[in-house]
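J.: As given, the protein sequences belong to chains A and B, one line each in that order.
Counted the way the numbering used here counts, the first sequence spans residues 1 to 118.
Counted the way the numbering used here counts, the second sequence spans residues 119 to 229.
Since the hints were made in silico from the structure, they are not lab data.
Where is the CB? At the ideal position from N, CA and C, for every residue including glycine.
A couple of the hints might just be wrong.
Covered stretches of chain B (in silico footprint by chain A; criterion: 3 or more residues with CB under 8 Å from a CB of chain A, positions within the stretch not fixed) [what the hints assert, rightly or not]:
1. 147 to 155
2. 159 to 168
3. 205 to 214
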Amino acid sequence: EVKLVESGGGLVQPGRSLRLSCAASGFPFDEYAMHWVRQVPGKGLEWVSHINWNSGSLGYADSVKGRFTISRDNAKTSLYLQMNSLRAEDTALYYCVKDNSRGVFDIWGQGTMVTVSS
Amino acid sequence: NFMLTQPHSVSESPGKTVIISCTRSGGNIASNYVQWYQQRPGSSPTIVIYEDDQRPSGVPGRFSGSIDISSNSASLTVSGLQTEDEADYYCQSYDYNNHAVFGGGTKLTVL
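Given only the sequences and the hints, what does the whole structure look like? Please build it.
T.: Rendered as structure tokens:
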């Protein structure tokens, strides 16, 4: 079974850091690009970042560029999102998403909630 | 950059057909494929249409997608509406930086 399980979310104060993890299973992780997509509860989807299969190509939304860093460990079949200088507007459910190699988000995790508040 | 604009909500009766639009402002709708995702309440999104009009295996044939260059828009058509189709639907494409862009989402209510 193809599965993505996020972890690492929680309550954090503005300006602090948090690292999200995503454990992948059921598919050859090292062959696929991966993404992070977030969603404020009750609101729409916002793409955050992507990383290609070998970490050679990275991309970030303007809203997080310079503060967030995406990375992966293919040996551990894991995806990460290091979030620094967190702001209240970063509060959202963060989804780990698999790319089908053609830019389609074909598998989504259940999400991990990040709340930035003092 | 560009935006994808969707109606906030649509509603229709069971058995009927509904069309959800996704209009691209800035750039040509045909320059990048459009995907459609369904998000049922309390669940993660799932893909229902990819590359404008392709349906993944397991998605009912009642779902179809298309693009219209004249209106610079994409459309998701759901025919023979069922109560289980009640969900939020999001269109998605890519910008020139190969960054994903989502529409604001459309809430489909099956009355």
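J.: For every hint, state whether the structure bears it out.
T.: Here's how the hints hold up against the structure:
1. 147 to 155: holds (count 3)
2. 159 to 168: holds (count 5)
3. 205 to 214: holds (count 3)
Hint compliance for this structure: no hint is broken.
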